[in-house]
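Peer 1: If you read the protein sequences in the order shown, they are chains G and U.
Heads up: the first sequence at position 264 corresponds to 264 in my numbering, and the numbers run straight through without jumps.
Heads up: the second sequence at position 167 corresponds to 167 in my numbering, and the numbers run straight through without jumps.
What the hints contain is simulated information worked out from the structure, not anything from laboratory work.
A few of these clues could be false.
Examples of chain G residues toward chain U, derived with CB under 8 Å [stated by the list, open to error]:
no., residue
1, A45
2, T49
3, V53
4, F251
5, S298
6, H532
7, A546
8, F547
9, T548
10, T550
11, S559
12, F573
13, A576
14, Q577
15, G580
16, N581
Yeah, the Cβ is synthetic: ideal placement off N, Cα and C, and Gly gets one too.
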Amino acid sequence: MNRPRFILGFLIAVLAVAFGGFDALAQEVQEAIAAFAPAPKLTAADYPTIAGVNSRIAVWIFAQLHLWFAAFVLAVPIFVFIIEVIGMKTRDKRYDDMAYEFIKVSITAYSLTAILGGGLLFSLILFYPHLFNYLSTIFSETMFYYALLFFAESAILYIYYYGWHWLQGGFKKWVHLTLGLGLNAVGTTLMLLANAWLTFMMSPAGVDAAGVFSGDGWAAIHNFLWNPINIHRFVANIAYGGSIVGAYAAFKFLTASGPQERAHYDWMGYNANFIAICALLPLPFAGYYLAAEIYAYSQQMGITLMGGIFAWLFIIQAVLIGTLFLSANYYLWCGMGRSDGAKRYTKYIKYIAIVLVGAFLVWFTPHTLVLTNEELKALGGPYHKILGPLGIMPAKNTAVNVMIIFTALSFMFYRRANKVATVSWVNAGNAIQVALFTAGIANIMFLGIYHGYFTNTVYKVAASIPQVLTTVLVIVGSITLDSFIYKGSREVAPLHWGRIPGRAQYALFLLAVAFTWLMGLMGYIRSGIRQHWHVVDIMRDASPDAFTPTLGFAANVVSVAAILFMAMVIFVFWIAQVSGNKTLPSGYWKEMAT
Amino acid sequence: MKQFLTVVAFTLLTIGFFSAYSNYGIPQIEPAPPPKEEKLDLGAMTMDQFIALGERIFNGKGTCTLCHNELGRAPMLGTLADVVPERLKDPLYKGAAEDLESYLIESLVEPSAFVVVGFGKKGTNDSESPMPNVAGGSIGLSEAEVAAVTAYLQDSSGAEVTVEIPTHVAEADEEEEAEEREALGDPAALMAKFTCDACHMINGQGGEVGPKLSKIGAEHDRDYLRRALLDPNADIAKGFEADMMPDDLGEQMYVTELEVLLDFLVALK
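Okay, chain G solo, but in the shape it has when bound:
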């Protein structure tokens, strides 16, 4: 709703009530809010500039930094809540302490999130005033409630954090958990509202072809891409939050002063990595769903995304996702050193590594090669007959499903490493598991090869759903079976927390850095597929920066933003540590001077 008109309507309402004219009130309010203006048609002169500042890069960096911090501070309370519940259920205080340490790490990040959000808001108003005005016309209510929810978020967070040690035991713990739930509910609602604004810019709804708002705010919020983005961001945030906290634990591990401290941070790093992997596994599916919905909304936008100028971006993405999977697996393999029983499984690891690298190379294979005429002639066309299909979706889906299944296998080996099964049917159970994995992988490969080589384009994506279902079936089936096989199992020996090489911690750093950078890159493409539109098909971007930058340029902006973010994260971690430091200045206070 347009703010000035809303205020005008409100004033008229007050006056009308004051003078008793209810009919007049209804009519006046209706008139005041009825007519919305179309989206403005802008020229380059409508964009204010500041000497030496590139408007687009300024907004870009503020938005990206805000988003990274927001993802972090929204994710941490989700798994803090879960860990706190585990602690309460198992009555193992270590979980409660770890949950507290997680939230402590994120507390300073909240204020940085708000500050960067303010920076984004000011830069938008300053550099893109007409766009902001148009969006605030449509989303005035949500923007207002967004601000109110921020108060609620802060209030609950402060009670949740500062009341942690006060609200312990019995009913008080329940109160604390309820606060945690409330914190998550408010945080998630904040994210959903902000997602509505950005998805409206991609798939506008509740407006006509000229951008005239119908007045239906819910239609604008519930636009075509809102839920796909909501799901993708929710899952990705958890993986991201886990990876950042993992980096914190890794650093604390490397700088620990004794074995006890090292053991604690090893355990914390393991749990953080576990959270990141649990969210990382379904993430490609959420991404696939989002891309499919983008296609469904606009085939043109979908092709721009996957087959047009952005196609090469997915090769960079392949490098990053390969990095994520390899570093997460590497950390698990190194972590097996904590167990004395791991030797039984270490011989298989090299095969998992080979498969992961192979799958990575398939994902890494581009579809369209940049070729000279001679090369084209030698190849007999733009695509290689055998390797060409590795560049398209069936092969990519096969690669990612195989990567996910083998990561799950790494995790199962890790879980088994320190256990000895005692059930009588252990061999039969193992045989069923081998059969399940073999059949699942064979089915995924068959679907990929059949659809990749023997069907035409229209049917190529048909492999994706059965492949995903196969992966889910294999993972859920094998983990369920594993839990029965290892029911009542005995431990080989107590786990040696802290017995992990320092280089494994660098896998955690790599995970955090790769995640950060990948989010930045995918943020660029999500925004970039709007091309020269502020609001797709409704409000054209007429600024001097309406062109799409090259991938190299975008990567450099993402890198600069990532370095700024990392510097701020180091500050956040440092502050979390400083709050626990105490100095006793001898002879400084008069009580001590005696």
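Go by the hints and put chain U onto chain G.
Peer 2: Positioned in the frame of chain G, the structure of chain U alone reads:
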């Protein structure tokens, strides 16, 4: 501290690797600038030129080849002359066209009037086409451009071209944005292209309707000059009148051209 510096170095190296790979490991494709409306001189155009225009739009601004290509995302269009008469009789046809020409125009602006089996939007049972209306949204072809594409489609499918070159839109198009062209990198060529010297004098050459530019770089900074180019009425030089300079240079010039011109003007001292 050593650990801290090692971690910082590791982080910077990782980010540096990602950045270097994105810059040097993959081809850098310079995306096309935002599309502009073709300036059509329809009055002087032959039918062959009109068909060639249609082909250019089909392969470029119309973005038709994104889907109508050998990958099979959308039907191929080479046999339209043969298949359209059958489509018009098809019970699934929902449009009002009576011949090839009207069918083609209709399918460009109302693609769901007839959906070829197997090419419908997912979940609509081929009742809705995924193709956008080419006259609206981000493609935004004008009436004349739609006619040109229709002429090209008729021609390329071996049918007689029945579309007439529209004449009533010619005048309106005169006022549209500049035709798509290569960005100029030479300030002299830019001055000539936008006829700056018709009003402004530089080193004794040019008109006197606007302020002299020979030492403009010494008098004003880059931001002032940028504003003067994009919004000429924002500051009127003493002794000159408002509304004399075109206020749509921001739309006519490419961004790189604006910067080239500014470099040139700033250096005039």
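Peer 1: A separate judgement is required for each hint: does it hold in the structure or not?
Peer 2: Structure-based check of all given hints:
no. : hint : verdict
1   : A45  : holds, 4 Å
2   : T49  : holds, 7 Å
3   : V53  : violated, 11 Å
4   : F251 : holds, 6 Å
5   : S298 : holds, 7 Å
6   : H532 : holds, 4 Å
7   : A546 : holds, 5 Å
8   : F547 : holds, 5 Å
9   : T548 : holds, 4 Å
10  : T550 : holds, 5 Å
11  : S559 : holds, 4 Å
12  : F573 : violated, 10 Å
13  : A576 : violated, 15 Å
14  : Q577 : violated, 12 Å
15  : G580 : violated, 18 Å
16  : N581 : violated, 16 Å
Hint compliance for this structure: hints 3, 12, 13, 14, 15, 16 are not met, and every other hint is.
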